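Here are the chains, one letter per residue:
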Amino acid sequence: MIFLTIGTHEPFERLIRAIDEWCGTTPNPPKVFGQITDEGMAHHRPKNFEAVARMTPKDYNLKFQQSDLIISHAGMGSILTALSRGKPIVVMPRRGHLRETRNDHQFTTAKHLGDRPNIFVAKDETELPALLDRTLETLGQHKQAPVSQDAPPQFTAALREYLMTNTFAPNGIAHGQNGKKSFET
Amino acid sequence: MSKMPHVMAISSTGGHWVQLMRLRKAWDGMKVTYVTTDPGSGELLRQQAQEAGEAAPNFATVTEANRWQKIRLIKQLLQITWVLIRYRPDVVVSTGAAPGYFAIRLGGLLGARTIWIDSMANAEELSLSGQKIGKHVDLWLTQWEHLAKPEGPHYLGAVL
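Protein chains in written order, with my numbering: chain A, 1 to 185; chain B, 1 to 160.
Chain B on its own, in the form it takes in the complex (with noise of 0.2 Å):
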């Protein structure tokens, strides 16, 4: 059994970040920083800590930016390399959209293993940014088994 990786779990707030939540117990007891786009996130995460009575994992959040916001676009981009460079993780793993496609290729460079698992509301065809980071990231996954193919992207299952 080799040493416990340290993950980096991050995804834009809403829906991304639910699923990503309902994956915490792939990384249980393993050293874990989230990153989304909403601060009151993190308030919930060390609740949660705190009542389960577990240390409170890394936290940080970036500027939230849809695909049309270039200067919003570029100053999350400048944030995930920041948070990157900070806590230095082993493993990257991202539900969607823009962060997670940014810290993939990001995290990848740096020698960080990835993985992204395309949001379980993409039933007929893959996001545009699941579609763009296939060739770029380590494990490829849809959540629906139908647009499963030899090459990638695989199916493991779904949040639901």
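Pulled out of the complex, with its shape left as it was, chain A reads as follows (with noise of 0.2 Å):
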């Protein structure tokens, strides 16, 4: 199966649009499965697809788990879920200036992390199928170890390190009683 999912927060109907058609000209075409946003589903209800507007947490999960591949806006919250759970994820990104999000911030996360295993970048709509049907092809050859749950250590270790000395080392900046920021020399 494949899970569709284009976050909590804005529909992005040029996505939906174009894995419907997908979906409607590839000869047998796999099970796909989407979350589309309240507005998603009032603008364009999928026809050959199951979709629905929003999940539970729990749910999201779930179809998480079931399946295959993920399709996503250049969210870093989907991208993150895929990684930790080892899954492959086709990622097109929602761009500023077709109002689909405030900025290109995800034109230029998917530039920064495209090159990445298991993150496969459509710049846009006419680059989709041909990524899936590519992807989808070699699907056996991505199986890739989930990446940890958890922020790599080193991180979480100096935020801890800052949570329980109100100090941080890497830059040698100190933050004194007050709170106001003092530099080491």
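If you are wondering where the hints come from, they were derived from the structure by calculation, not from laboratory data.
The structure displayed is predicted, hence computed values, not measured ones.
Worth double-checking, as some hints may not be accurate.
No farther apart than 20 Å at their CA atoms in a straight line, the calculated lysine to aspartate or glutamate pairs in the DMTMM-like style are these [what the hints assert, rightly or not]: (1) A/K111 - A/E127; (2) A/K143 - A/E39; (3) B/K25 - A/E161; (4) B/K31 - A/E161; (5) A/K111 - B/E64; (6) B/K31 - A/D150.
Partial chain B-side listing against chain A, Cβ under 8 Å, derived [what the hints assert, rightly or not]: (7) V7; (8) T13; (9) V18; (10) Q19; (11) R24; (12) K25; (13) G40; (14) S41; (15) A55; (16) A56; (17) P57; (18) R113; (19) N122.
Selected chain A positions facing chain B (in silico; Cβ < 7 Å) [stated by the list, open to error]: (20) T56; (21) G75; (22) H112; (23) A151; (24) F155; (25) L159.
By construction, the Cβ of each residue, glycine as well, lies at the ideal position given by its N, Cα and C atoms.
Bring the two chains, given one by one in their own frames, into a single complex with the hints.
The structure is reproduced here in structure tokens:
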């Protein structure tokens, strides 16, 4: 199964339409299940795959677990969840100039993370069908170990250190009693 | 070693929350109050705590709002004020967006130490709230090393 998710906040009709079309034109398309927001359901209810507006975190986790491939906007939530489940993810970024989100941060996310294993980027809907076909054909080769559920230990250790002692060492910056920043020389 | 602080970890639901959850090891064993905009996250936290044989953490929800929904923003602000007064955390930590911004501004006024970890989604410039929070937050972090500056935001690592 393919799980299509576009995040909890805004609709993403360009992606929904592209997937609907792809399902309609691909011979024997795989089963697709989509989470596409309330507005998404109202504007373009998919004809060729099953979709719901929203899901509880529990159901969302379950669908993720059951899927072989994730299709998503280039949101950090979807990307991190896919990687920590060891699932390949095809992302298409929302664009600022199309008012799909407030700016092009998803485009830059895709640019900066697109070369990592298990992340496949379609810049727009024209690139999507071929990328999907290619990714599905080679799905078996994309078996990656899930990344850890936790941030790298150096990062959480540094934060913990700050929580416990009110200082952090790497840049030699200390925080005084009044919470004001002071620089150690 | 100082006494373990009471940490309030707060963010909107979705990607910000997923990133906040990846930082849990930082406050492992400390008293924690989680705040987000989706009640379903609380159910999941309780379930995970039960599976780990731990006490369920404090959990509160606030109204979801983006920067164009003024009435909802005001409601969210009032709810966050209440949550801060009720739980009185020693530290407020957030990955964004609006709820984290409010909680850090108000939490700071109430004497809590504050940490802003700008979302990893902002690889080429800080989020708007992330830029605005800089002069109000004790520890101001970006998750991209190339965005770090000597005067902040600083870089300590990323959730991935």
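Structure-based check of all given hints:
no.: 1; hint: A/K111 - A/E127; result: holds (15 Å)
no.: 2; hint: A/K143 - A/E39; result: violated (34 Å)
no.: 3; hint: B/K25 - A/E161; result: holds (11 Å)
no.: 4; hint: B/K31 - A/E161; result: holds (16 Å)
no.: 5; hint: A/K111 - B/E64; result: violated (29 Å)
no.: 6; hint: B/K31 - A/D150; result: holds (19 Å)
no.: 7; hint: V7; result: holds (7 Å)
no.: 8; hint: T13; result: holds (6 Å)
no.: 9; hint: V18; result: holds (4 Å)
no.: 10; hint: Q19; result: holds (6 Å)
no.: 11; hint: R24; result: holds (7 Å)
no.: 12; hint: K25; result: holds (4 Å)
no.: 13; hint: G40; result: holds (4 Å)
no.: 14; hint: S41; result: holds (6 Å)
no.: 15; hint: A55; result: violated (19 Å)
no.: 16; hint: A56; result: violated (15 Å)
no.: 17; hint: P57; result: violated (15 Å)
no.: 18; hint: R113; result: holds (6 Å)
no.: 19; hint: N122; result: holds (6 Å)
no.: 20; hint: T56; result: holds (4 Å)
no.: 21; hint: G75; result: holds (5 Å)
no.: 22; hint: H112; result: holds (4 Å)
no.: 23; hint: A151; result: holds (4 Å)
no.: 24; hint: F155; result: holds (3 Å)
no.: 25; hint: L159; result: holds (4 Å)
In summary, the numbered hints that this structure violates are 2, 5, 15, 16 and 17.
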